[in-house]
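Q: Here is what each chain is made of, one letter per residue.
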Amino acid sequence: MKRLLCAILPFLLVLCGCRAEPHVGEQVIVTGVGIDERDGQWRVSLQAVEALRTTGSLSEQSESATAVYTAGGHSLADALQGFLNETGKRAYILQNQIIVLSLAQCRSRPLAATLDYFIRNQEGRALVDVVICRGDPAELLDIQSGSDAIPAEYVSQLLDEGGRWGQAVTTRLLDIERTSDGMYDTMVPILEVTDKTPQLSGTALFRDGVLVGELNVQETSGLLLADGRVQRLLYARGDTTFRLEDIATRLTVEPQGEGWQYRFEVSAVARIIEEEKDTVLSEEERQALLRETEQAIAADMEFALKHTVLGCGSDPLGLARRTAAKHRNRGVTQASVEAVQQNSAFTARVQLSLTDSGFKKK
Amino acid sequence: MDKVSRISGGQLTVLLLAGRLSNCLLLTPDSIGGLHITDRLFAVALNAVLVFLLFLPTLLLLRRFPRHGLIDRGYAYTRWCGRGLCGGYMVLCLFILCLDIVQFYDFAEKVMKSGFSVPWLTVALIAVAFIASSYGIQALGRAAMPVALFSVACLLVFSGALLSEMRWLHFPPLANARLGDVVGSAVKELPRTAEVVAIGMVYPYVNGSRWRACASFCGLTALFTALVSATALGVLGDFALHTVYPYYTAATAVQIGVFQRMDILITAVWLSTFFIRLTLFCTLFTDAARRLFGHKARLWSAVGGGVLLAGFTLWISRSSTAHGWEIVTAVYWWVLGVFCVGLPILLALLKRRRRV
Numbered sequence: 001m002k003r004l005l006c007a008i009l010p011f012l013l014v015l016c017g018c019r020a021e022p023h024v025g026e027q028v029i030v031t032g033v034g035i036d037e038r039d040g041q042w043r044v045s046l047q048a049v050e051a052l053r054t055t056g057s058l059s060e061q062s063e064s065a066t067a068v069y070t071a072g073g074h075s076l077a078d079a080l081q082g083f084l085n086e087t088g089k090r091a092y093i094l095q096n097q098i099i100v101l102s103l104a105q106c107r108s109r110p111l112a113a114t115l116d117y118f119i120r121n122q123e124g125r126a127l128v129d130v131v132i133c134r135g136d137p138a139e140l141l142d143i144q145s146g147s148d149a150i151p152a153e154y155v156s157q158l159l160d161e162g163g164r165w166g167q168a169v170t171t172r173l174l175d176i177e178r179t180s181d182g183m184y185d186t187m188v189p190i191l192e193v194t195d196k197t198p199q200l201s202g203t204a205l206f207r208d209g210v211l212v213g214e215l216n217v218q219e220t221s222g223l224l225l226a227d228g229r230v231q232r233l234l235y236a237r238g239d240t241t242f243r244l245e246d247i248a249t250r251l252t253v254e255p256q257g258e259g260w261q262y263r264f265e266v267s268a269v270a271r272i273i274e275e276e277k278d279t280v281l282s283e284e285e286r287q288a289l290l291r292e293t294e295q296a297i298a299a300d301m302e303f304a305l306k307h308t309v310l311g312c313g314s315d316p317l318g319l320a321r322r323t324a325a326k327h328r329n330r331g332v333t334q335a336s337v338e339a340v341q342q343n344s345a346f347t348a349r350v351q352l353s354l355t356d357s358g359f360k361k362k
Numbered sequence: 001m002d003k004v005s006r007i008s009g010g011q012l013t014v015l016l017l018a019g020r021l022s023n024c025l026l027l028t029p030d031s032i033g034g035l036h037i038t039d040r041l042f043a044v045a046l047n048a049v050l051v052f053l054l055f056l057p058t059l060l061l062l063r064r065f066p067r068h069g070l071i072d073r074g075y076a077y078t079r080w081c082g083r084g085l086c087g088g089y090m091v092l093c094l095f096i097l098c099l100d101i102v103q104f105y106d107f108a109e110k111v112m113k114s115g116f117s118v119p120w121l122t123v124a125l126i127a128v129a130f131i132a133s134s135y136g137i138q139a140l141g142r143a144a145m146p147v148a149l150f151s152v153a154c155l156l157v158f159s160g161a162l163l164s165e166m167r168w169l170h171f172p173p174l175a176n177a178r179l180g181d182v183v184g185s186a187v188k189e190l191p192r193t194a195e196v197v198a199i200g201m202v203y204p205y206v207n208g209s210r211w212r213a214c215a216s217f218c219g220l221t222a223l224f225t226a227l228v229s230a231t232a233l234g235v236l237g238d239f240a241l242h243t244v245y246p247y248y249t250a251a252t253a254v255q256i257g258v259f260q261r262m263d264i265l266i267t268a269v270w271l272s273t274f275f276i277r278l279t280l281f282c283t284l285f286t287d288a289a290r291r292l293f294g295h296k297a298r299l300w301s302a303v304g305g306g307v308l309l310a311g312f313t314l315w316i317s318r319s320s321t322a323h324g325w326e327i328v329t330a331v332y333w334w335v336l337g338v339f340c341v342g343l344p345i346l347l348a349l350l351k352r353r354r355r356v
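Chains as they are written, first to last, in the working numbering: chain A, 1 to 362; chain B, 1 to 356.
No lab work stands behind these hints, which were simulated from the structure alone. Check the hints yourself; a few may be wrong.
[Said to hold, decoys possible] Cβ-Cβ distance ranges computed for the label pairs, FRET-style:
no.	chain 1	residue 1	chain 2	residue 2	range
1	A	Pro255	B	Leu53	42 to 48 Å
2	B	Leu163	A	Arg107	45 to 51 Å
3	B	Arg178	A	Glu254	32 to 38 Å
4	A	Asn121	B	Trp315	27 to 33 Å
5	B	Val187	A	Gln295	28 to 34 Å
6	A	Asp160	B	Val187	32 to 38 Å
7	A	Ala335	B	Arg178	14 to 20 Å
8	B	Leu163	A	Glu254	41 to 47 Å
9	B	Arg67	A	Lys326	56 to 62 Å
10	B	Ala330	A	Asn121	47 to 53 Å
11	B	Val258	A	Gln144	35 to 41 Å
12	A	Ser282	B	Val258	47 to 53 Å
13	B	Leu163	A	Gly311	51 to 57 Å
14	B	Leu349	A	Arg330	21 to 27 Å
The beta carbon of each residue, even a glycine, is placed where N, CA and C say it ideally should be.
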């Protein structure tokens with residue numbers, strides 16, 4: 001017993017327990033961070049849960065349980081210190097779910113440099129979503145949602161669903177950390193706020209952390225299809241809307257001239273989910289429509305790939321790395337592929353198999 | 001530690017494995033050696049073979065004397081030889097403990113950042129390890145079992161949870177590096193396996209097949225090192241080479257349902273396995289001290305060893321440089337050469353002079 005006490009005592013001496021921890025009233029629980037730059041100064045917006053506004057659990061709230069604070073400084077850390085000086089409260093970022101960057105911020109500074117504070121800070125989460133807002137990041141943090149008491153959660157769900165349906169890329173802080181090493185480039189979803197409602201607006205393309213271009217939502221779908229990241233996709237052709245499921249993408253790469261020829265083959269099951277016409281399409285008409293759809297999707301993919309790789313010089317799919325991996329026996333390296341990336345050619349082939357929707361119009 | 005308290009071969013495997021897992025979890029870019037994952041797996045397998053080869057001289061020497069360790073063999077030659085070995089093993093244990101605690105200090109300072117005083121925590125840890133060592137190797141062997149099971153369960157759950165974060169793009173093709181790099185990485189890892197020098201002292205306290213225990217230890221170590229490496233590099237890719245502790249960084253991305261930031265669990269696993277490793281070498285230190293100074297001096301030698309260790313560790317932790325670590329690695333090579341190969345061969349050649 002004595003020996004056991006002796007074993008426990010030294011640990012008791014060094015344990016700090018809760019004594020040194022700040023009281024809940026001395027800190028704000030941050031659920032979203034907005035970063036903007038104006039006149040060379042950083043402007044940080046913090047979406048924080050307002051403890052006094054909430055009654056019961058957060059899921060029972062009828063309106064947003066958060067407020068947005070802003071602070072400025074010559075760096076992110078300085079702005080957060082400014083927030084502390086103004087409000088007397090420390091920003092607690094463990095519960096942070098989203099980091100919103102302004103387009104101006106992305107144009108003026110490399111992505112890793114902007115997010116360096118969060119990359120180094122072990123208090124935050126690695127899986128926090130990163131998005132770009134076309135307007136003021138504070139606007140996106142201050143949206144009203146009837147379904148979610150915390151707007152950051154709403155935006156996070158919007159991005160998740162957008163990712164599943166091929167409408168948006170989902171980028172987390174971990175993705176930006178990983179791409180800082182040059183394996184592939186970053187893409188970040190862009191949102192815009194219209195009447196206090198966020199909408200997916202496209203994708204920002206980066207090269208070595210520098211913003212180099214954008215894709216709209218349809219082009220984003222094309223790029224995500226090429227990357228094989230899409231689970232489901234809605235595609236409207238004429239009066240008919242298809243839902244693509246069981247999507248699989250295969251890439252073959254061969255040398256061609258001074259560059260490389262990338263062939264993307266996508267196979268998917270297409271299900272008709274809506275026909276606006278009263279008349280029933282014959283089987284031949286359906287098959288013809290399906291072939292048209294295949295060509296249209298392939299064209300979207302090719303356009304997105306050419307615009308991204310050749311137009312903007314960005315390589316978010318890691319094509320150079322994949323090429324080097326597949327052709328390393330010929331002495332091909334990632335750097336050598338990147339050097340001739342502009343001479344590359346992209347072709348896409350889509351093969352859809354129509355499945356019965358289980359419903360037939362009379 | 002007396003020879004009445006014994007552990008089984010299985011317990012020896014688990015005891016060594018639990019200690020090794022603490023090193024394995026603190027995977028550093030230096031230990032990856034710039035290798036990609038598939039090459040790293042080759043290096044890990046090769047390392048397991050090399051570690052087993054280092055066990056061989058001691059196992060071959062002691063197989064004829066199942067109740068003797070290397071110190072007993074030294075006493076069998078002359079008393080002074082036995083005493084010299086006791087002193088040598090005491091210094092060796094302090095050296096290994098010192099390096100381990102310096103690593104603990106580094107981890108606590110860079111990663112844990114919990115607001116407590118790291119030097120005080122280090123001193124407390126050393127004190128607790130020495131106190132725990134007084135319970136003997138049997139208690140340690142029993143304690144190692146739940147720790148190892150918990151650690152292995154956590155590793156498997158973490159790897160499963162991180163599968164969604166792994167991308168094929170992070171995995172270059174098989175045999176991407178040159179053979180020399182793979183061999184270099186496997187050899188570079190050897191000084192981290194301090195367990196091979198422990199077998200010379202633990203041997204007489206083990207019942208059952210020590211060969212099987214050592215082989216199982218090598219196999220299981222390779223398996224879990226490969227798992228940890230694959231998880232860290234599969235999640236982080238090349239970025240793993242630019243983080244201080246890649247596996248810990250990868251573990252911050254674990255998300256199981258609503259549970260996030262489960263890296264705290266890895267810290268807990270690491271601390272518990274580290275404690276087992278620390279206590280093992282404290283136990284060996286006090287055992288060697290008992291053989292040298294007698295049973296009554298055991299307490300004072302433990303206190304003296306603890307004070308020396310704490311002072312030396314804190315001094316090194318605050319002044320360690322890259323050049324210093326190169327010297328330490330070179331010393332480790334000598335230690336492995338002397339205690340794993342040279343000493344068993346020398347004792348095999350010397351003729352037994354007296355009965356012990």
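Q: For every hint, state whether the structure bears it out.
A: Going through the hints against the structure:
1. Look at proline 255(A) against leucine 53(B): about 45 Å separates their beta carbons, and that is inside 42 to 48 Å.
2. About 36 Å separates the C-beta atoms of leucine 163(B) and arginine 107(A), a value inconsistent with the hinted range of 45 to 51 Å.
3. Distance hint for arginine 178(B) and glutamate 254(A): a CB-CB separation of about 27 Å, inconsistent with the stated range 32 to 38 Å.
4. Checking the proposed 27 to 33 Å range against asparagine 121(A) and tryptophan 315(B) shows it holds: the Cβ atoms sit about 31 Å from each other.
5. One distance hint, 28 to 34 Å for the beta-carbon pair valine 187(B) and glutamine 295(A), is violated here, with the actual separation near 57 Å.
6. The supplied range of 32 to 38 Å is broken by aspartate 160(A) and valine 187(B), whose beta-carbon atoms lie about 46 Å from each other.
7. One distance hint, 14 to 20 Å for the beta-carbon pair alanine 335(A) and arginine 178(B), holds here, with the actual separation near 18 Å.
8. Here the CB-CB span from leucine 163(B) to glutamate 254(A) is close to 31 Å, at odds with the stated 41 to 47 Å.
9. Look at arginine 67(B) against lysine 326(A): about 59 Å separates their beta carbons, and that is inside 56 to 62 Å.
10. About 37 Å separates the C-beta atoms of alanine 330(B) and asparagine 121(A), a value inconsistent with the hinted range of 47 to 53 Å.
11. In this structure the hint that valine 258(B) and glutamine 144(A) lie 35 to 41 Å apart at CB is violated, the actual value being about 25 Å.
12. Under the hint 47 to 53 Å, the C-beta atoms of serine 282(A) and valine 258(B), about 51 Å apart, fit the expected range.
13. Judged by the Cβ atoms, the range 51 to 57 Å given for leucine 163(B) and glycine 311(A) is violated: they are separated by roughly 34 Å.
14. Checked against the hint of 21 to 27 Å, the pair leucine 349(B) and arginine 330(A) fails, with Cβ atoms roughly 55 Å apart.
Checked against the numbered hints listed earlier, the structure breaks hints 2, 3, 5, 6, 8, 10, 11, 13, 14; every other hint is satisfied.
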